[in-house]
Amino acid sequence: MSEIKTTSLYDFHLSKKAKMIDFAGWSMPFSYDGTLKEHNYVRNNAGYFDVSHMGRLRLNYSQIEDINYLICSDLKNISNTKALYSIFTSESGTAIDDVIFWKFEDDLILICNASNTNKIKTHLDINSIDYEDLTLITDLIAVQGKNAIDIVSDIMSVPDKFSTAKDGKYIYARTGYTGEDGVEVMVDNKETLKFINDLESRGVQPCGLGSRDTLRLEASLPLYGFELTDDITPVEAGLKWTITNNDDYLGKESIDEQLNSKQHKHLKKFNLNAKQIARTGTICTSDGVEGVVTSGNISPVLGYPIGFVLFKSNPPDDLVEFDIRGNLIEGKLLYKRFLS
Amino acid sequence: MSETKYLETHEWYIVSGESFTTGISDYAQGELGDIVFVTLPEVGQEFNKGDAIVEVEATKTVAEAYAPMNCVITEVNSTLETEPELINNDPVGEGWMVKAEIKEMDDSGMSYQQYELFIS
Chain A
1 MSEIKTTSLY
11 DFHLSKKAKM
21 IDFAGWSMPF
31 SYDGTLKEHN
41 YVRNNAGYFD
51 VSHMGRLRLN
61 YSQIEDINYL
71 ICSDLKNISN
81 TKALYSIFTS
91 ESGTAIDDVI
101 FWKFEDDLIL
111 ICNASNTNKI
121 KTHLDINSID
131 YEDLTLITDL
141 IAVQGKNAID
151 IVSDIMSVPD
161 KFSTAKDGKY
171 IYARTGYTGE
181 DGVEVMVDNK
191 ETLKFINDLE
201 SRGVQPCGLG
211 SRDTLRLEAS
221 LPLYGFELTD
231 DITPVEAGLK
241 WTITNNDDYL
251 GKESIDEQLN
261 SKQHKHLKKF
271 NLNAKQIART
281 GTICTSDGVE
291 GVVTSGNISP
301 VLGYPIGFVL
311 FKSNPPDDLV
321 EFDIRGNLIE
331 GKLLYKRFLS
Chain B
1 MSETKYLETH
11 EWYIVSGESF
21 TTGISDYAQG
31 ELGDIVFVTL
41 PEVGQEFNKG
51 DAIVEVEATK
61 TVAEAYAPMN
71 CVITEVNSTL
81 ETEPELINND
91 PVGEGWMVKA
101 EIKEMDDSGM
111 SYQQYELFIS
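Line by line, the protein sequences are chains A and B. For reference, each letter of the first sequence is one residue, going 1 to 340 in our numbering. For reference, each letter of the second sequence is one residue, going 1 to 120 in our numbering.
Warning: the hint list may mix true and false statements.
[As the list claims (entries may be wrong)] What follows is a list of derived Cβ distance ranges for each label pair:
| hint | chain 1 | residue 1 | chain 2 | residue 2 | range |
| --- | --- | --- | --- | --- | --- |
| 1 | A | 190 | B | 8 | 31 to 39 Å |
| 2 | A | 317 | B | 30 | 17 to 25 Å |
| 3 | B | 48 | A | 201 | 27 to 35 Å |
| 4 | A | 137 | B | 2 | 57 to 65 Å |
| 5 | A | 169 | B | 8 | 30 to 38 Å |
| 6 | A | 119 | B | 19 | 27 to 35 Å |
| 7 | B | 2 | A | 313 | 32 to 40 Å |
| 8 | B | 120 | A | 119 | 36 to 44 Å |
| 9 | A | 37 | B | 9 | 48 to 56 Å |
| 10 | A | 127 | B | 51 | 54 to 62 Å |
Hints are computed from structural coordinates only; laboratory data are not their basis. A quick note: this is a predicted structure, and the numbers were derived from the prediction, not measured. Quick reminder that beta carbons are idealized off the backbone N, C-alpha and C, glycines included.
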């Protein structure tokens, strides 16, 4: 095992008395004031997250055709100031990683999950795609929340949704992972603390990975390692909307076959009218079709347990019975987002 | 009133005559994170030492609180049904979970000093 990595804000987190956890080889803040409070900072005002553990690679625009061959979305034909959520697919169509691209006129920034940075770098190497690893020389700060855009507009010029921008100090995009509007900002290590101070002086609260998880779950967003794995395709994970690549791409054949046959695993959302949370690994059945919970927690806004469940095949019924520590608890599948 | 004692499973209890009051320790609530649901037993339910009497769902994980001795539940803190955060805010006070009549006295829990050493 290599030594645990820290972001440039490590001492700052400790000074804030953050509860630190080991996450994907990094020591990261789990919470500062408590997960529910931080969840509500974002839903009601604004919070910032140190997500500098995520991989950040600069790619050459000249290789965009080759990059486009490795993902299920159309990166090539979107305009040069767009941010794109996509999935690197394997030959069998399964997810190597889910990532964000920031597209600029002269280059591309690829943001990948911390747990997959090495895997993605190897994948790029094998496919002769050059990259410059910016992970350790920059930080990535996500500013998210109902009032995030208003606040950040004081500090930088905020682009349209799913669009990118850069100025002398910041490279950023109006994207997020909480269901709220916001920006994700890449900044040189030496400038990060000043940026954090600028945010804090405007009332933006620090938030940890605990609330990032409850926020993304409540926003119906998948997390790699749970909803998406090396064994799950975008079709199975309910991410058909990401399949916009009309050219040939790695895994296309398998994905097209799943789209046509509909014979595949199905990821569904569920809620429970209970005081038990169906957590990762909980087994359930729906009219004989077996499933396993990939993520589950309370929805702080709704006040009841929610989650994602992966079924072996398409469940014929909306009612699901979860085996929570030996008690059978009935839940319901949902066909819209948790928060409308 | 005797002193508040602690178990290795992170409950506290305090014996008063033929009864005791129990809940989870400050350390335990801190480890669990925000507590969002509490499932309490019924008054009159009997438990043996070590039986799970309360189930606590938190944002981080789920945990059970175990009976410190053989007992019959006489009162539950039903405020926790609507305000489970009381366990986070005041675990050894307002966040108490149940009161029970002692069927077989077992006051073998650790003192606070011993418990502090145990968790450190």
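Against the structure, the hints:
1. 190(A) x 8(B): 31 to 39 Å: violated (48 Å)
2. 317(A) x 30(B): 17 to 25 Å: About 41 Å separates the Cβ atoms of residue 317(A) and residue 30(B), which means 17 to 25 Å is violated.
3. 48(B) x 201(A): 27 to 35 Å: violated (57 Å)
4. 137(A) x 2(B): 57 to 65 Å: Holds: the Cβ-Cβ distance is about 60 Å, inside 57 to 65 Å.
5. 169(A) x 8(B): 30 to 38 Å: violated (53 Å)
6. 119(A) x 19(B): 27 to 35 Å: violated (58 Å)
7. 2(B) x 313(A): 32 to 40 Å: violated (59 Å)
8. 120(B) x 119(A): 36 to 44 Å: Cβ of residue 120(B) to Cβ of residue 119(A): about 39 Å, so the range 36 to 44 Å holds.
9. 37(A) x 9(B): 48 to 56 Å: Check failed, 28 Å falls outside 48 to 56 Å.
10. 127(A) x 51(B): 54 to 62 Å: With Cβ atoms ~58 Å apart, the hint holds.
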